[in-house]
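2 protein chains.
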Amino acid sequence: MSQQDLYEKIVELAKRRGFFWPSYEIYGGVAGFYDMGPLGARLRKKIENLWREYFIHRHQDIIVEIETPIIAPEIVFKASGHVEHFTDPIVECLKCGRKYRADHLIEEKLGVKTEGLSPQELTKIIKEHDLRCPVCGGQLGEVKLFNLLFKTTIGPYSENVGYLRPEAAQGMFVAFKRVYEVMRHKLPLGIAQIGRVARNEISPRQGMMRLREFTIMEFEFFFDPENPHERLDEYLPRVADTKLRILTAEARERGEEKPEEYTVEEVIREGIIKVPWMAYWMAVARDFVHALGVPYENMFFEEKLPHERAHYAQQVFDQLVKVTRWGWVEVSGHAYRTDYDLSRHMKYSGHDLTVFRPYPEPRVVRVKKVVVDKAWVGRTFRSEAPRVFEAISRLSPEEVEKMLKEEGKVVVEGIEIPGDKIKVIEVEEKVSGRRFLPHVVEPSFGSERLLYVTLEYAYTEREGRVVLRLPRRLAPIEVAVFPLTRDEKLVEKALGIKRMLVDAGFTVYYDDDGSIGRRYARADEIGVPAAVTVDYRTLEDDTVTLRDRDTWKQVRLPVSKLLDALRRFINDNVELEKLGEPVEPSGG
Amino acid sequence: MSQQDLYEKIVELAKRRGFFWPSYEIYGGVAGFYDMGPLGARLRKKIENLWREYFIHRHQDIIVEIETPIIAPEIVFKASGHVEHFTDPIVECLKCGRKYRADHLIEEKLGVKTEGLSPQELTKIIKEHDLRCPVCGGQLGEVKLFNLLFKTTIGPYSENVGYLRPEAAQGMFVAFKRVYEVMRHKLPLGIAQIGRVARNEISPRQGMMRLREFTIMEFEFFFDPENPHERLDEYLPRVADTKLRILTAEARERGEEKPEEYTVEEVIREGIIKVPWMAYWMAVARDFVHALGVPYENMFFEEKLPHERAHYAQQVFDQLVKVTRWGWVEVSGHAYRTDYDLSRHMKYSGHDLTVFRPYPEPRVVRVKKVVVDKAWVGRTFRSEAPRVFEAISRLSPEEVEKMLKEEGKVVVEGIEIPGDKIKVIEVEEKVSGRRFLPHVVEPSFGSERLLYVTLEYAYTEREGRVVLRLPRRLAPIEVAVFPLTRDEKLVEKALGIKRMLVDAGFTVYYDDDGSIGRRYARADEIGVPAAVTVDYRTLEDDTVTLRDRDTWKQVRLPVSKLLDALRRFINDNVELEKLGEPVEPSGG
Chain G
1 MSQQDLYEKI VELAKRRGFF WPSYEIYGGV AGFYDMGPLG ARLRKKIENL WREYFIHRHQ
61 DIIVEIETPI IAPEIVFKAS GHVEHFTDPI VECLKCGRKY RADHLIEEKL GVKTEGLSPQ
121 ELTKIIKEHD LRCPVCGGQL GEVKLFNLLF KTTIGPYSEN VGYLRPEAAQ GMFVAFKRVY
181 EVMRHKLPLG IAQIGRVARN EISPRQGMMR LREFTIMEFE FFFDPENPHE RLDEYLPRVA
241 DTKLRILTAE ARERGEEKPE EYTVEEVIRE GIIKVPWMAY WMAVARDFVH ALGVPYENMF
301 FEEKLPHERA HYAQQVFDQL VKVTRWGWVE VSGHAYRTDY DLSRHMKYSG HDLTVFRPYP
361 EPRVVRVKKV VVDKAWVGRT FRSEAPRVFE AISRLSPEEV EKMLKEEGKV VVEGIEIPGD
421 KIKVIEVEEK VSGRRFLPHV VEPSFGSERL LYVTLEYAYT EREGRVVLRL PRRLAPIEVA
481 VFPLTRDEKL VEKALGIKRM LVDAGFTVYY DDDGSIGRRY ARADEIGVPA AVTVDYRTLE
541 DDTVTLRDRD TWKQVRLPVS KLLDALRRFI NDNVELEKLG EPVEPSGG
Chain V
1 MSQQDLYEKI VELAKRRGFF WPSYEIYGGV AGFYDMGPLG ARLRKKIENL WREYFIHRHQ
61 DIIVEIETPI IAPEIVFKAS GHVEHFTDPI VECLKCGRKY RADHLIEEKL GVKTEGLSPQ
121 ELTKIIKEHD LRCPVCGGQL GEVKLFNLLF KTTIGPYSEN VGYLRPEAAQ GMFVAFKRVY
181 EVMRHKLPLG IAQIGRVARN EISPRQGMMR LREFTIMEFE FFFDPENPHE RLDEYLPRVA
241 DTKLRILTAE ARERGEEKPE EYTVEEVIRE GIIKVPWMAY WMAVARDFVH ALGVPYENMF
301 FEEKLPHERA HYAQQVFDQL VKVTRWGWVE VSGHAYRTDY DLSRHMKYSG HDLTVFRPYP
361 EPRVVRVKKV VVDKAWVGRT FRSEAPRVFE AISRLSPEEV EKMLKEEGKV VVEGIEIPGD
421 KIKVIEVEEK VSGRRFLPHV VEPSFGSERL LYVTLEYAYT EREGRVVLRL PRRLAPIEVA
481 VFPLTRDEKL VEKALGIKRM LVDAGFTVYY DDDGSIGRRY ARADEIGVPA AVTVDYRTLE
541 DDTVTLRDRD TWKQVRLPVS KLLDALRRFI NDNVELEKLG EPVEPSGG
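Here the protein sequences come in this chain order: G and V. FYI, the numbering for the first sequence is 1 to 588, going by full-length UniProt numbering. FYI, the numbering for the second sequence is 1 to 588, going by full-length UniProt numbering.
Looking at chain G on its own, in the form it has when it is part of the complex:
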C-alpha cells in the first residue's frame, strides 16, 4: 500500500468512479452531507435490501416495514425526551465567536475522557487548564448544551414548531397502536423503517462516518414483558451455533478491553443480555454484517456503561467493526428501551397505548374497590351528584385509603366526602386478561457507515491496481460485457448480449474503449463480479468467456447458458469453474 491511508484511497476511488462525494462541492461543501453517486446509490440499495432480507423478509410473520415522515411536530420530541436530552456540550470563543464541541476539544487537547460530564464540569476543566480557541487563541466561554434537533416551523404559524427526526423510532412508537391493530393484535411485533434522519452535529469531521443527514435502518420490536420468550423458539434454532463476541459493561469496568465469546443460548440463560429477543437480533446482526464482507474477528458487541446510554435505554450494546483509520466504529446499536417511549407518548397524547391480552381462562383475583354511599351523595349533591361520582371514580383505591388514613376524609376537586360515607373494600373479580404496555428492543443500523465499511473490506490491490471484492450480490453493476476489439461484428454481437442481459434485469457495464486488459481493470475497480467477453470464436460457435473478478480466471460457455450461469454465479455464489470449460486468461 502507498502512503495514502485506506480511507483516502477509498474516498478518492469513490469520487472518481461515483460511489460518493461531499455534497454541495461547487459551493465549497457543507460538513456532514454526502451525495451518493450512481454506484453508491445502487450499492446502498443492495445493502438495504440485504438488511430487509435478514431482518424483515425472513421474519415476515413478526416484522413489518412502515414509513413515517421526517418532520414531526414538537410534542413528539418533547414526549420522546429528545427536546430535553438530545444535546451535545458546546463552547464559544469569546473573541472570534467560533463554536466547538467542548468534550471533543478537551479530549483532543488534554487526552482526558469526558463521557458523562456535565457542562459545569467541562467548563471547570477548560478554566483549570486555560484551554483556548484553537483558531484565534481567544478565551472560551461557559460550556452550554446545544440541541441536535434540526428545528423548523410547520405551516404559517411560527408557534407550530417542528423538528426533523434524529431517529426513525418515534414514528413507530406514535403509530404503534395503529400497526398493532392492522396486524391483528399479535405480539411480539416488530415495526421497521428505513429512512432519512438528521442530527445537527456541532462540527462533524469524520467524512462518511459522521453525517448530519443519513439513512437509518431500524426496527422497534414490541414484546410482552411478562412473556419475553414468546415465539422465540421458532427462530432461535437458526442461530443456535452462533457465537457472539461481547465486551460486557462489567468487564469494561474491570478494565477489560477484549471481548469474550458466548453462545446465544448462554447470554440468554445467564442474563448477560437482559432480553432474550435482543440476543437473537444481535446474532442476526452479526450474520448480516458478516454478509457485507466483515470477518467475524473484526467485529464485536460492546455494552455501554450507564452514563454512556441514551436517556431511554436500560441496556445497550454497540456493534463495533474495525476500520483502518478510526479503529473500532459503531455500525449498529441494540437498545432495550423498555416501555419508556410508549409510556411517554401515552402521557403526552392522553391516548391509551396499552394492549389487552386475554388469559387462556378468566382468572379470579382479589381487587380493591372504592365504595361510596350513593344515597348520601344523591341527597347531598343533587344535580351535582353525577359530577361527584365521576370525580370519585378517578381516584385509585390506594389514594382513597391514604386520605382516609391521614385525614379521615376524602377530598377530591374541592368536594369533601366524610370518612363514614366512603370506604375501600376487597372483592373477588373475574379478570379475562391484562392491559399493559409492551416493552421494546431496538436494533438500529446506519446505512452510509455500512456502505463505507463494505467498501473498505472489499478494497484490495493486485498487481498495482484496485480490485473491489464486493460480495457478488452487493455489486452495484453485476456484469460487464466487452467485445474483444472494436471489430464491427464483435461489437454488434456484444451489444446483443448486453440487451439480453438488460432485459433479464441485469445492470450491465458495456465498454469497447481501450485494450481488453484496461477494460477488465476498470470493471475490477468498481467491483463488477463477472465479465463476459465476445471474441472471434463467439462468431463461430456462439460461446463467450466469463471472467471472475476475484480470481481473474475464465471459463467458456454457450451464450444460451449465460443467463442461468450469471444468476447462479451472482445470486447463489456458485464457483466460476462450475459454469463452463476452463480457458487460459487473455488479459490481466
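One or more of the hints may lead you astray.
Identical chains share a label here; the pair holds if one copy fits it or two copies do between them.
When the alpha-carbon atoms are kept at most 27 Å apart in a straight line, the in silico DSSO-like pairs for lysine-lysine are as follows [as the list claims (entries may be wrong)]:
(1) K405 - K374
(2) K99 - K151
(3) K186 - K493
(4) K15 - K177
(5) K9 - K177
(6) K78 - K151
(7) K113 - K322
(8) K144 - K113
(9) K489 - K186
(10) K45 - K177
(11) K15 - K186
(12) K578 - K553
(13) K322 - K243
(14) K45 - K186
(15) K322 - K304
(16) K421 - K374
Worth flagging that the hints you see were computed from the coordinates, not collected in a lab.
Following the hints, put chain V in place on chain G, whose structure we already have.
Just chain V now, with coordinates in the frame of chain G:
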C-alpha cells in the same frame, strides 16, 4: 356503490388494513403528513421499482440514479430561485389571526380564477367584495407572499440558514459536473433521484393528494441544445406507435377543454413539444402510468399557460389522471427547464459548469480578439503590468468595442487604456470544440399520489365485498396460503408450503382463522393476486389449488410446480388456466 364516495372507501380500507393513515393520529394529526402502513410501504416500493424499470433500468446507458441530501444550504435555493419565487399568497384575519391561502379563499367564495394574480390584485378583490374570515367573520389584512420552503439552521451558527428541498432537482444540478465526469463526459445524460421532499403548504386539505412531505421520483435529462435529437433514434422506435393525448396551451386559450391525439413522431415534427426527448419521456410516462392500472382514456397531458409555469420552465406539460373525488389531478410534470438552473448555479457558485464537446474535426472560425500594446503596458505600469493584463483579459471583445466607440478609451478596474493602445481585431482560429451549458428536460412524479391513483383504479366491489385488483406485480403481498381447515395435518402442510415460498422470496399471507370463504375475502380486499389452498387431496397426491383473485377461478397443480407457476402468474401475467387443471371453486 354505497353513499361513501370512493375516496372515503379507500381511506377507510387503507386505515383498517394498513395502506396509509394520517401521521401523528394520537396527537390529533398534522395536516399534510401521512404514514405508509405495512401494505402501503410495500406497494409504494413496488411502484418506485416499476418507475426505475421504465425510466432507469431500460435506459441504463443514459440515465443513472443518485441520492442527495434533503437539507441544503440557503445559497442553493437562492441560486435556484426558490427563495424568491416558491411562494403562495397568504392573508391573515385581523381579528382572530387565522391565516388562509388568499387565492383559494377567493376561488371558493367568489368562483373567480386567480392564477397569475399578484398579491396587490388579490388584496383588491378581497377589499372590493368585502371577503371576511370564514371562521370569525373578522376583516382580512393585506395579501402577502408566504415562502413554502421549510427553513432550518445547519450547525450551531444561526446565520447558517438551510432549507428542506421542495424538489430533488437541485441536488442533481449542483452535482451535475461530478456525475458528468463519472459518466465519462457523455450526453445526453439523465440523473435521477427518488427521495423525500417537503413543501410547507399553508393549509393542505386534500388528504393524500396534497402533502407537506412526500416522495418525488424525477430525473433531470441533460442534452446538447444544438443536438437535441442525439441518441433519440436508439429509443424512439419503442414508442413509435404511441399516441399522446394532449391539450395544448394554444387550444386552452381557444377555450378547448378536450385533449387531442397526436403520435410521438407528430408532436416532435410539428414542434408541439419543443424538445424531442421530452416527447419521448412523456410517451414512457404514459405507459408507466398505464402499467399502474390507469386506462389510456383516463389520462392526458395538459400544457401549462405561461403564467401557470414555474419560474424556471419554458414549456410544461402536466400528466393528468381522472380520480372520482377531484376530477383531473396531476400525477407527473414534464418541464423544459432550459439551462436556467445550471446557469444560475454557475453564477452563484463561481464554478464553471459548462461542458466541452470536441468537433469531429477542428473548425476554422473567425473570432474577435482584444489586442493591447504590451510594450506600452510594461513601460507604463511596470510591476503592476501583470494585474493590468489580467484585468484586460477579463473583458470581452464586445465590451472593449463598446467602450472604444463610446468613450474612445477603455477603463477597467480603475485602469485607463487610451484608444490607440488597445484594439479589437478579427482573426482566423482553429477551434477544436465548443463549451456550453446543457439544456434540461425534467419528468417528475409524485409517489404517494400514484399510490392513491393505483388503489383507486384497483378498487372494485363484487358480491358486496372489496376486491382490490392491483396489477399482479404491484401487489404488496404476492400469495396467500390457506389450509382448508384447522386440521393439524393441513396446517402443517400449509406451513411447509409457506416456508418454501418465503425462502424463494415471496411475501406470503398465511391465515387459518375462519371459513375459507372469509379468508379469500380478506386476501382479495388487500389485493393478494394468488391464493394457494391445502386440502385433504393435498395429503394424498401433493397437489394444491391456486385461485385467481380477479376471476375467483381455481386450478389444481402439483406442489413441485408451484414456485414456477407463481412466478409466471405474478411476474409474467400468465393466465391461471395455463398453470394447472381447472377445478370447481370451493369458496367465494
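**Request:** Would you list, in rising numerical order, the hints stated earlier that this structure does not obey?
**Result:** Result: no hint breaks.
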